[in-house]
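Asks: Protein chains in written order, with the numbering used here: chain A, 378 to 511; chain B, 45 to 359.
Bear in mind the hints are in silico, worked out from the structure with no lab data behind them. Keep in mind that the hints are not guaranteed to be accurate.
Taking lysine-lysine and the DSSO-like style, the derived pairs with C-alpha atoms no more than 30 angstroms apart in a straight line are [stated by the list, open to error]:
1. Lys327(B) / Lys204(B)
2. Lys179(B) / Lys103(B)
3. Lys472(A) / Lys327(B)
4. Lys472(A) / Lys103(B)
5. Lys204(B) / Lys355(B)
6. Lys409(A) / Lys390(A)
7. Lys441(A) / Lys506(A)
8. Lys274(B) / Lys79(B)
9. Lys472(A) / Lys179(B)
10. Lys256(B) / Lys179(B)
11. Lys101(B) / Lys327(B)
12. Lys256(B) / Lys327(B)
13. Lys101(B) / Lys472(A)
14. Lys232(B) / Lys409(A)
15. Lys101(B) / Lys79(B)
16. Lys409(A) / Lys256(B)
17. Lys103(B) / Lys355(B)
18. Lys354(B) / Lys79(B)
Not everything, but these chain B residues come out facing chain A in the computed CB check (under 7 angstroms) [claimed, not checked]:
19. Ser107
20. Ser108
21. Glu222
22. Glu340
All C-beta atoms in this analysis are idealised placements derived from N, C-alpha and C, irrespective of residue type, glycine included.
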Amino acid sequence: MNTVQRNIVSGLKQHVVYMVVLALTLLFFLYKGLTYAFIGSYVPLGFIGAIVIFLLLASRRSKKAFKRMLGIWAILLMVWSVVRLLLILVNLFIKPIPESHVSEQLDVLGGLISVLFLLGAIYLLRYRKNLFEE
Amino acid sequence: MKYIAYIIICSLLLSSCQQASYDGEGMVGVLPAQKAAYQKAIVGQLSGHEALPNGLKIKSRWSSAERGLSKDYLKELITTLGLEAQEQPYTAPNLNPAIDLILDPFQGTNVYAILPATNNSSDYIVLGGHYDSGKRNAPGAIDNATGIALIYSVAKELSKWQHRNKNIVIVFFDQEEEELIGSTAFAKLLQEKPWNVHSIHCFDMVGWDGDKDRAMEIFSGSASLIETYKTLAQEQNVPIKDIKIDPVGYDNSSTDFDVFVPFGFNVIGAGECFYHRDSSPYKDTPDDTYETVDFEYLLSCSNLIERIIKKMVSE
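For reference, chain A alone in the conformation it holds in the complex:
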């Protein structure tokens, strides 16, 4: 672990809520990735693997790079949440999706999960600067 990484870890330890939100979002996609990898689909695992690798590489480089990568992760989470919310709006209020496998995931519960992730993404984006405040 180099000096930059030690500072990042220290910053995360001082901002426990941020660390928990970041960890939960990463773990959610890691779980998804492993679940899909087990049944032969590797796109989700590849996606989260790339995110984790870029986060690690950025953490070795500089605080600025790590902050930028956190911002990218937050934006990707927002895109994911918004796409799901749009599909849920269509499914619930415009035209129900005929496939039950899709329709049942894009329901009120799916909407709540998506809103939760959207809020988490906004939080990660907004408060990432706080990690490195002196």
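Keeping the supplied structure of chain A fixed, place chain B upon it in accordance with the hints.
Replies: Frame of chain A, contents of chain B only:
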């Protein structure tokens, strides 16, 4: 923001509370002894025309809850044959890998049972049909409660036959209407089993005969299977409309039959004349009801298939 998150988390916890699942007893009841009558009972129960003995109704087999109820019903239906019902739960990725990022995988359950040969045989004949229905609120009487009733009647009659040189597997596939997910999972299961699969017979929609010609439609890449069906159909004065398909590079995805072809199985699909334009106009609609089923046609097809399978099993 903090309070909004707390409210959402509490809502998630409350909505994740599961309802107790039904234990499956008392779903089929005592079926009539006569073939035509029990076929009507099965189609009636699966399409919500009749309530189950426990008071529940299977109004549709579209949602995961409805398919779960249907699965329990089918397991109990199988036990009325004196067979052990088995489940094949499966998980499958979405058809487009990008969708895997947005949604959870497919999850479903095939239900199957084995009517053993009367001697020590490693040969298997598979009779399969899907049990889900195509759209929300679709009772799925013709598509495909009729296929299930046909398979059940063939198995029931063959269970009385004492010269079975082959084992018979009856299987009810889940999620056919969502791109053949269940049958794909079952095809993979067959590959893992040390079974010598003689042939696979898939039945999808066996309840419409608008022109009253009693014709069945069959499609296969196997000339021998087509010939067997045609010969026995001729003896019973049942017209056969056949479609010979080329298995090499076969890439259709309209019914369960299609998934077995690329795996190299000897497979035939049979049912009402879908491709010859004499098929239920109510497929995948709330109007696919018990009242639209031509039960005489279903019985005629069932009798033919029973003869065909009996011949194959005796060889």
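Asks: Against this structure, judge whether each hint is valid.
Replies: Status of each hint after checking the structure:
1. Lys327(B) / Lys204(B): violated (34 angstroms)
2. Lys179(B) / Lys103(B): holds (12 angstroms)
3. Lys472(A) / Lys327(B): At roughly 20 angstroms apart (the allowed maximum being 30 angstroms), Lys327(B) and Lys472(A) satisfy the hint.
4. Lys472(A) / Lys103(B): Status holds; Cα separation ~22 angstroms.
5. Lys204(B) / Lys355(B): Distance ~14 angstroms between Lys204(B) and Lys355(B) Cα, so the pair holds.
6. Lys409(A) / Lys390(A): holds (26 angstroms)
7. Lys441(A) / Lys506(A): The given pair, whose Cα atoms are some 9 angstroms apart, holds under the 30 angstroms limit.
8. Lys274(B) / Lys79(B): holds (24 angstroms)
9. Lys472(A) / Lys179(B): Between Lys472(A) and Lys179(B) the Cα gap is close to 13 angstroms, so the pair holds against 30 angstroms.
10. Lys256(B) / Lys179(B): Given that 30 angstroms is the threshold and the Cα spacing comes to 28 angstroms, the pair holds.
11. Lys101(B) / Lys327(B): holds (20 angstroms)
12. Lys256(B) / Lys327(B): Status holds; Cα separation ~19 angstroms.
13. Lys101(B) / Lys472(A): holds (27 angstroms)
14. Lys232(B) / Lys409(A): Roughly 23 angstroms between the alpha carbons, so the hint for Lys232(B) and Lys409(A) holds.
15. Lys101(B) / Lys79(B): Holds: Lys101(B) and Lys79(B) sit about 22 angstroms apart, inside 30 angstroms.
16. Lys409(A) / Lys256(B): violated (52 angstroms)
17. Lys103(B) / Lys355(B): Given pair Lys103(B), Lys355(B) is violated - Cα atoms ~37 angstroms apart, limit 30 angstroms.
18. Lys354(B) / Lys79(B): holds (16 angstroms)
19. Ser107: Given a least distance of 5 angstroms, the restraint on Ser107(B) holds.
20. Ser108: Holds, about 6 angstroms.
21. Glu222: holds (5 angstroms)
22. Glu340: Where the cut-off is 7 angstroms and the nearest Cβ of chain A is about 32 angstroms from Glu340(B), the hint is violated.
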